[in-house]
Structures are given as C-alpha cells and as structure tokens.
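K.L.:
Chain by chain, the residues:
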Amino acid sequence: MIELVGVSRRYGERLALDDVSVSLGDGQTLGVFGANGAGKTTLLRLLATLLRPHAGTARVLGCELPGEAWKVRGRVGYLGHDPLLYRDLTARENLTFHARLHGVATERVDAVLAGVGMQRRAEDPVRNLSRGMVQRVATARALLHDPPLLLLDEPRANLDPKAAELLEPLIGRESGRTRVLVTHDVEGGLAESDVVLGLRRGRAEIAGSADARALRGLYT
Amino acid sequence: MTRAAAAILRKDLLIEVRTKQSVPAMALFSVTAFVLFHFGLDRDRLDGELASGVLWVTLLLATVLAVNRLFAHEREQGGLDGLLLAPIDRTAVFVAKAVALYLYLVLLELVAIPAYAILLLGPSPVDQLPALIAVLALANLGLATVGALVAALAAEARARDLLVPLLLLPLLTPVLIAAARATEPLFAVHPETGELGKWAGVLGLYDLVFVLLSVAVFDFLLED
Numbered sequence: 001m002i003e004l005v006g007v008s009r010r011y012g013e014r015l016a017l018d019d020v021s022v023s024l025g026d027g028q029t030l031g032v033f034g035a036n037g038a039g040k041t042t043l044l045r046l047l048a049t050l051l052r053p054h055a056g057t058a059r060v061l062g063c064e065l066p067g068e069a070w071k072v073r074g075r076v077g078y079l080g081h082d083p084l085l086y087r088d089l090t091a092r093e094n095l096t097f098h099a100r101l102h103g104v105a106t107e108r109v110d111a112v113l114a115g116v117g118m119q120r121r122a123e124d125p126v127r128n129l130s131r132g133m134v135q136r137v138a139t140a141r142a143l144l145h146d147p148p149l150l151l152l153d154e155p156r157a158n159l160d161p162k163a164a165e166l167l168e169p170l171i172g173r174e175s176g177r178t179r180v181l182v183t184h185d186v187e188g189g190l191a192e193s194d195v196v197l198g199l200r201r202g203r204a205e206i207a208g209s210a211d212a213r214a215l216r217g218l219y220t
Numbered sequence: 221m222t223r224a225a226a227a228i229l230r231k232d233l234l235i236e237v238r239t240k241q242s243v244p245a246m247a248l249f250s251v252t253a254f255v256l257f258h259f260g261l262d263r264d265r266l267d268g269e270l271a272s273g274v275l276w277v278t279l280l281l282a283t284v285l286a287v288n289r290l291f292a293h294e295r296e297q298g299g300l301d302g303l304l305l306a307p308i309d310r311t312a313v314f315v316a317k318a319v320a321l322y323l324y325l326v327l328l329e330l331v332a333i334p335a336y337a338i339l340l341l342g343p344s345p346v347d348q349l350p351a352l353i354a355v356l357a358l359a360n361l362g363l364a365t366v367g368a369l370v371a372a373l374a375a376e377a378r379a380r381d382l383l384v385p386l387l388l389l390p391l392l393t394p395v396l397i398a399a400a401r402a403t404e405p406l407f408a409v410h411p412e413t414g415e416l417g418k419w420a421g422v423l424g425l426y427d428l429v430f431v432l433l434s435v436a437v438f439d440f441l442l443e444d
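Protein chains in written order, with the working numbering: chain S, 1 to 220; chain B, 221 to 444.
Honestly, the hints are just simulated from the structure, not real lab data.
We put the beta carbon where it would ideally sit given N, CA and C, even for glycine.
Possibly wrong hints are sitting among the right ones.
Unchecked claim - Not close to chain S: a few residues of chain B, all C-beta gaps over 12 Å, as computed:
#, residue
1, Ala226
2, Ala227
3, Leu234
4, Asp309
5, Gly342
6, Ser344
7, Leu349
8, Pro350
9, Leu386
What the hints assert, rightly or not - Covered stretches of chain S, as calculated for chain B (at least 3 residues, CB under 8 Å):
#, segment
10, 43-57
11, 77-85
12, 92-105
Said to hold, decoys possible - Beyond 10 Å from chain S on every Cβ pair, some chain B residues (computed):
#, residue
13, Gly299
14, Pro334
15, Ile338
16, Pro394
17, Val429
Take these sequences, add in the hints, and give me the full structure.
P.N.:
Written out as structure tokens, the structure is:
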C-alpha cells in the first residue's frame with residue numbers, strides 16, 4: 001500500500017525528510033511520531049501528493065510518486081492541520097462542493113454528516129462552528145469519497161470524548177482502512193499502530209517497531 | 221473538467237455573493253478614481269483618447285484588486301490543498317477562476333461605465349453601445365485569462381500583494397493599448413468606428429494566445 005525507499009524532501013537548504021524508508025501493507029496503520037519540526041507533516045503531505053519527493057522512491061496505493069500522483073488523488077482521505085473548509089460556506093455546502101469535485105453523489109453528503117453527528121448544524125457557516133465541530137466536518141470531508149487510505153494528522157485534536165468515540169468507527173482501527181497516523185500521544189498511537197516511524201530532524205530514527213520508551217525519547 | 225470547473229465557479233460566486241469582497245471593492249475603486257481624475261485633471265468632461273485612456277487605466281487597476289482576491293479564499297482557508305487533492309484536471313481551476321473574474325469585470329462595468337458617463341465622459345456612449353460592448357467583451361477575456369494565470373502564480377507567494385501588480389500590469393499593457401485605441405473613436409465628439417476592427421483583432425489575437433498559453437502552463441503553476 002505504501003512503500004518509501006530513501007525518500008528525501010527539502011525546503012530550500014533545509015532537509016525536512018532525509019533518506020526515509022518505510023513500508024505499510026493493506027489495512028495496516030503506520031504511526032508517525034516525532035517532535036515539532038521532525039518532518040511528520042511533510043511526510044503526510046508527500047504521501048497525499050501535495051509535495052514531491054526530491055530523492056528516493058515513493059509508492060502509494062501501487063502508484064509511483066510523483067509520476068502517477070494523479071492516480072492517487074481521490075483515493076486518499078487527508079485530514080491535516082487545516083480543515084480545508086471554506087469558512088463562509090455551510091458544512092453542507094462545503095461537503096457538496098467536495099462531493100462534486102470527487103464525482104461523489106451529493107446524497108452521500110447527508111450520510112457522512114450524520115456519521116460525524118453534524119446533521120443538525122449542517123446549515124451553519126463553518127465560521128460559526130466550534131473547533132471540535134469543524135474537526136468533525138473536516139473528518140466528513142476526508143471520508144466523503146470513501147478513500148482506501150487515510151492520512152491523519154492528530155485527527156482527535158479538539159474533539160471531546162463523545163465526539164472522539166463517535167468518529168472512532170470512521171477513522172479508528174475498526175474502520176478497516178489503511179492509515180497513516182501522526183500523533184504526539186505515544187501510548188495511544190502505539191496501541192493503534194502496526195508499524196511505527198519515529199522522526200528526528202527529518203531522519204527516520206525508528207522504523208518498524210518500538211516501545212513507548214523509545215518513542216518518548218524522540219521528544220527529548 | 222466541465223463538472224469540476226462548474227463546481228469551483230459555483231463555490232466562488234456563492235462566496236462572493238455572501239462576502240461581497242471583490243466586486244463592490246472594484247466598483248468603489250473605479251468611481252473613486254473617476255472622481256480623482258475629475259479633480260486631478262480639473263476637467264468636467266473628457267472625450268477621445270483621454271476619455272478612453274482614463275477609462276481603461278481605471279478598469280485595469282480595478283482588475284488588480286480582483287486578481288489579488290481571486291485565490292484569497294483558497295489561501296486563507298486552506299482550500300487550495302482541497303482542490304489539489306481532488307481527482308480533477310487542474311485546468312478546471314483555471315477555467316473557473318477566469319470565468320469568475322470575467323463575471324466580476326462584467327458586473328464592475330455595469331456600474332463603472334454608467335458612472336463614468338455621468339461623472340466625466342463628454343459624448344454619450346449610448347449610440348456606440350454595441351461597439352463598446354464588443355471591445356469590453358474582448359478586453360475582459362484578456363484581463364480574466366491573464367488575471368487568473370497571475371493569481372495562480374502568486375497564490376502561494378509571500379509577497380503576492382507586490383507580485384500581482386508587478387506581473388499583471390506589464391502583461392496587460394497590450395490589452396490596455398488595444399482596448400484604449402479601439403475605444404478612442406467611440407468616445408470622440410464625432411464618433412466613428414474606422415480602426416475598431418483592427419484593434420478588436422489585436423485584442424482577439426492576444427486573448428487567443430493567452431488562453432492557449434494558460435491552458436498549457438496552468439497545471440505546472442499549481443504543482444509543488
């Protein structure tokens with residue numbers, strides 16, 4: 001499903017990812033850990049085809065990046081720092097817009113809104129929603145086209161326990177989807193992961209498996 | 221591509237209707253500029269080449285305002301990644317943005333031309349309206365095409381407020397020249413349409429070149 005071999009990515013002179021290799025099979029979860037600036041978001045954006053690798057080989061969903069990026073787009077559910085929602089549109093309008101872009105029947109919008117418990121606030125502009133609600137709508141956006149691969153950057157941020165529980169079947173392990181999960185919650189993330197990747201200043205200090213103590217060491 | 225372009229256009233127009241950011245600002249700018257020209261030139265009535273030049277410089281500068289805002293919602297609300305993640309031909313983004321800008325220009329001109337006729341223009345443009353509309357339609361296509369291209373180029377740039385006018389105005393100079401020359405006889409005290417065809421042809425050729433160029437390069441502009 002995902003195979004990175006010696007992948008590097010620069011921002012100007014700074015190496016954000018340096019010779020990172022990792023592989024992940026269908027239905028598995030890759031837990032990505034590391035302090036701020038370690039390269040986690042860069043990795044996620046690269047897998048989402050939003051960034052090109054500058055060196056190495058990257059295969060996602062059987063497609064080589066960046067050459068076959070167009071085949072990957074539309075098969076990835078990306079939930080990053082930004083909700084990728086227009087604040088001046090309602091939750092429903094945002095999802096309907098994304099449904100049209102992805103060629104998904106607009107009837108599915110109601111189903112995903114119900115799935116994240118936002119049908120009652122569907123007609124509210126996103127700017128009037130709380131952070132947790134925005135996160136729920138963003139989750140609905142990421143799931144709208146039923147992607148086989150989820151790229152999740154702190155997906156439970158801003159969610160109250162009830163909302164987190166509601167979203168668990170959709171984005172948790174029980175969703176059955178292949179997931180790349182960026183999190184600072186070492187214990188929780190480790191419990192969810194089949195493969196772990198520990199990044200420090202762009203380098204893969206831990207790749208494969210690790211215990212919580214080793215992962216906590218990334219933050220020192 | 222049509223489906224995606226229509227979806228993006230619909231979204232942009234909905235946000236513009238709701239926020240009223242681009243078109244009212246363009247219209248207000250144009251009317252203010254006419255008032256400033258009135259006092260700056262110390263003239264009540266303009267005709268001929270001066271009338272044509274004042275109109276087109278004003279419309280061109282008003283276009284800069286809209287171009288600066290064309291990707292604002294994507295930039296400020298993270299929507300550009302949303303567009304880039306979608307399985308769409310990225311030319312659809314260009315088409316939607318160019319059509320949106322074209323519509324903004326039409327709405328601007330619906331306000332600015334009558335305002336110009338009332339505030340500054342000497343000869344009434346009513347008799348020359350079909351020819352004037354033809355020139356505006358051709359010039360708008362050039363402004364919208366190049367505007368969408370430059371807006372995409374500057375969308376992620378840090379100094380975009382500087383970059384947009386610095387790139388846009390030189391690129392649009394041929395439109396300004398051709399549109400002003402085409403309009404000049406229409407605003408003359410004794411209107412004629414002698415060279416209208418020639419300058420309309422120049423505008424048409426410019427539009428064609430930049431439409432083709434934009435379609436060819438737009439995909440690369442949005443690449444990382």
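K.L.:
A cut-off of 12 Å on Cβ-Cβ distance, and Ser344(B) was said to be off the interface with chain S. Does that hold?
P.N.:
holds (40 Å)
K.L.:
How does the coverage statement for the segment 92-105 of chain S fare against chain B, requiring three or more residues with Cβ below 8 Å from a Cβ of that chain?
P.N.:
The restraint on the segment 92-105 of chain S holds, since 7 of its residues have a Cβ under 8 Å from chain B and three suffice.
K.L.:
Is it correct that the beta-carbon of Gly299(B) has no partner in chain S closer than or equal to 10 Å?
P.N.:
violated (6 Å)
K.L.:
Test the statement that Pro334(B) is away from the interface with chain S: the closest C-beta pair must be farther apart than 10 Å.
P.N.:
holds (30 Å)
K.L.:
May I ask you to check that Leu349(B) keeps its beta-carbon over 12 Å from the closest beta-carbon of chain S?
P.N.:
With a cut-off of 12 Å, Leu349(B) remains clear of chain S, as the shortest Cβ separation is near 36 Å.
K.L.:
Holds or violated: is the Cβ of Leu386(B) farther than 12 Å from all Cβ atoms of chain S?
P.N.:
About 22 Å separates Leu386(B) from the closest Cβ of chain S, which puts it past 12 Å; holds.
K.L.:
Examine each Cβ of chain S, and state whether all of them lie more than 10 Å from the Cβ of Val429(B).
P.N.:
holds (27 Å)
K.L.:
Per the stated criterion, does the least C-beta distance between Asp309(B) and chain S lie above 12 Å, as a non-interface residue requires?
P.N.:
Not fine: 9 Å to the nearest Cβ puts Asp309(B) too close to chain S.
K.L.:
Once the closest CB in chain S is found, is it more than 10 Å from Pro394(B)?
P.N.:
holds (35 Å)
K.L.:
When I compare C-beta atoms, does the segment 43-57 of chain S have three or more residues closer than 8 Å to chain B?
P.N.:
holds (count 5)
K.L.:
Is the claim that Leu234(B) lies outside the interface with chain S correct, judged by CB distances over 12 Å?
P.N.:
It is violated; Leu234(B) is separated from chain S by about 7 Å at its closest Cβ, not greater than 12 Å.
K.L.:
Test the statement that Pro350(B) is away from the interface with chain S: the closest C-beta pair must be farther apart than 12 Å.
P.N.:
holds (37 Å)
Hint violations for this structure: numbers 1, 2, 3, 4, 13, all remaining hints satisfied.
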